[in-house]
Amino acid sequence: MPDAAEPATKGGSTPSPHRLKRTDEIVDAIKRMIVEHGLAPGDRLPQEKDLMAQFSAGKGTVREALKSLEVQGLIRIRTGPGGGAFIARMSESRAMSLLSNFLFAKDLSIEHIYQMRKVLEPQVAVSAIGNIDEAGYQRLESIIAIYDHEPADAQERWDQRMAELDFHGVVAEYSDNPILAFTCRFLQRLLKELAICHDIYVQPEPVLRQSGIQHQREMIAAMKAGDAKRVDQILTHHMIEAEQHMLGLKARLEDRFLEDRGQRPSPARRRQAAE
Numbered sequence: 031m032p033d034a035a036e037p038a039t040k041g042g043s044t045p046s047p048h049r050l051k052r053t054d055e056i057v058d059a060i061k062r063m064i065v066e067h068g069l070a071p072g073d074r075l076p077q078e079k080d081l082m083a084q085f086s087a088g089k090g091t092v093r094e095a096l097k098s099l100e101v102q103g104l105i106r107i108r109t110g111p112g113g114g115a116f117i118a119r120m121s122e123s124r125a126m127s128l129l130s131n132f133l134f135a136k137d138l139s140i141e142h143i144y145q146m147r148k149v150l151e152p153q154v155a156v157s158a159i160g161n162i163d164e165a166g167y168q169r170l171e172s173i174i175a176i177y178d179h180e181p182a183d184a185q186e187r188w189d190q191r192m193a194e195l196d197f198h199g200v201v202a203e204y205s206d207n208p209i210l211a212f213t214c215r216f217l218q219r220l221l222k223e224l225a226i227c228h229d230i231y232v233q234p235e236p237v238l239r240q241s242g243i244q245h246q247r248e249m250i251a252a253m254k255a256g257d258a259k260r261v262d263q264i265l266t267h268h269m270i271e272a273e274q275h276m277l278g279l280k281a282r283l284e285d286r287f288l289e290d291r292g293q294r295p296s297p298a299r300r301r302q303a304a305e
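Going by this note's numbering, the first residue of the sequence shown is number 31, and it counts up by one from there.
In short, the hints are calculated from the structure, not lab data. A quick note: this is a predicted structure, and the numbers were derived from the prediction, not measured. Using N, Cα and C, we set each Cβ at its ideal position, and we do this for glycine too. One thing to keep in mind: the hints can contain errors.
As the list claims (entries may be wrong) - Computed Cβ-Cβ distance ranges for the label pairs, DEER-style: (1) D80 to H142: 42 to 52 Å; (2) E180 to E66: 49 to 59 Å; (3) A255 to I226: 36 to 46 Å; (4) H179 to K254: 21 to 31 Å; (5) F116 to Q244: 48 to 58 Å.
Could you put together the complete structure from these sequences and hints?
Structure below.
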């Protein structure tokens, strides 16, 4: 007799809760085939009829599996003469967009992002030591030049803050750990997209800008010297300081909102805004 929590199927058997749909099984099998055969972007998958025979599946099931792979960005389907399913090149931007969509309703906060940045940004900078050539260091200096002066208006202030994040994105490009590099750049992108950060980044904050430049130039010198310990120390301090400034600005903006509504900020909030 089937368990009451798991209704029996029409034939009387109890379905396995972990059993994949046939479509999902085919999706996983095609992914394994791509890896095992070393297929690269632009390579063609077997024709639809061959996939039907290989997996003993109907046309609709195979097409559903291919559509799932296309939605995931792993293949692209061309119609017409010479058409078929081809391995796609998954861009970093698309991968980040998919992750952003997943996190859209997760109520992300500055604290969430900096909890990871404080750990990962020092590691990605250390992993880039020895990989950055003179042209790479010139790129970093050219980015610093975007924000090494007082901004003329709110738009330039915003552009400067985006460039500050781009600085760390360039460092990540030279990491020998692709997962670490991708994660750091994704966190930088989240800061650009987070609604509260849009309000924070246009607020005047000359102290943070100047200390950030100092940290970045000290980091460059330590990277050129191959001093991994010093790079780690500089970036850790930089991330901690950046988080504190961001949270302080956030608290001030929220206080201003409360005051505009005639409400009094709490003592704890006033202390955070003053930090």
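Consistency of the hints with the structure:
1. The supplied range of 42 to 52 Å is met by D80 and H142, whose beta-carbon atoms lie about 46 Å from each other.
2. Under the hint 49 to 59 Å, the C-beta atoms of E180 and E66, about 57 Å apart, fit the expected range.
3. In this structure, A255 and I226 meet the distance hint of 36 to 46 Å, their C-beta atoms being roughly 37 Å apart.
4. Distance hint check: the CB atoms of H179 and K254 are about 24 Å apart, consistent with the given range 21 to 31 Å.
5. With their beta carbons about 49 Å apart, F116 and Q244 fall inside the hinted range of 48 to 58 Å.
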